[in-house]
Amino acid sequence: MTFRREATMLANHRWLSPIFLLILVSFVTSIALSTRANNAYWVSSESGTDVPAREITPRMRVPPNLAQGLAGWDQVYSVLISPRCINCHTAQNYPQQGDDRHRHFANVIRGEEGRGVPALRCITCHQEVNADSTGVPGGPDWHLAPLSMQWQDKNDRPLSSAAVCGQITDRKRNENMDGKALLEHHSEAALVLWAWNPGRRPDGSMRTLPPLSHAEFVNATRTWVEAGTPCPRGR
Amino acid sequence: MATYQLNVNGQTKKVDVDPSTPLLWVLREELKMTGTKYGCGISACGACTVFLNGVATRSCIVPISLIADQKIITIEGIASDPVGRAVQNAWVEKDVVQCGYCQSGQIMSAVALLKATSKPTDTNIEESMGGNLCRCATYVRIREAIKMAAETI
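Chains as they are written, first to last, in this note's numbering: chain A, 1 to 235; chain B, 1001 to 1153.
Some chain A residues near chain B, calculated using beta-carbon distances under 7 Å:
| # | residue |
| --- | --- |
| 1 | Ala106 |
| 2 | Ile109 |
| 3 | Val117 |
| 4 | Ala131 |
Hints are computed from structural coordinates only; laboratory data are not their basis. A quick note: this is a predicted structure, and the numbers were derived from the prediction, not measured. Ideal Cβ positions, reconstructed from N, Cα and C, are used throughout, including at glycine.
In isolation and in its complexed conformation, chain A is listed as follows (with noise of 0.2 Å):
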């Protein structure tokens, strides 16, 4: 009862329309303009010029700082160093296989372009698909990456976070790849995708994963490249 009396008390109280109106325009205006600054700050910071406030859309959003960057790199890299994904970047002129990363049996060859030598092609092999009847994996165009993505020294140890990162980000190296396209590198190309479908190994178990999924390994490769793709100090 008490509730309903001082509503309609309130009610009757008509100046307190347009002090409620004017309260609610701040409101609109001061998230409206927070808005704007923070999506002028996105848009400028990947293309480099400021875009017309017609053009912005709820899509844009603030980028990943630097360090948000550099975790993110940091998933990317424990991926990469992955058996799946290194034994097909080594510094050797061989491919490796297993978990162990031990050289590729028969004395298989990288050959003049990652894809074996005469008579014994990657491909002699591998076929379009994982062979599970038999433990062969296989993807389309099954090959090495080239040396000049070699994610080992000659010793077959894995490269640091900064010089794998550094090689990456190297247009020269890496067949003049972007940030953009190297998200969709890791997002689609097929070889890349095999990695978390590896197939059965020759006893019938399964062959172990990359320590992310794909989903996150592609959410922490597009944290990265909004960042601006950094790389870690050091060598």
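Start from chain A and add chain B according to the hints.
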């Protein structure tokens, strides 16, 4: 079961098999072309080597469903190729064969090598033939025969 039309040694062959059947077993069991041998069944010995569109391929691990219209050349058809003929002649001349079980795969790989490298070095031979095992250890004669074939091509 599914029906597949294959191009084997220039001839069209029709087979009705399970899609997962390896090419090796289609050749041997369905088409009765037993020159291609079963060795390990896991692509590790090279005895089952055939050409798929000119690429030396282990037929034991290629399911028939992946063949499509690729041209298959087997040991039965290799003599119609000049390089294949030269390799076979050299094999006979050097008396390479001992038990012979691996030799059809060895010859197919040797032809693939010579088609890509007409004058192979010892290193070329070792690298390209490294996936073909011979329990009789005829490797020295295989190397000699490849070099002899290279001279005649």
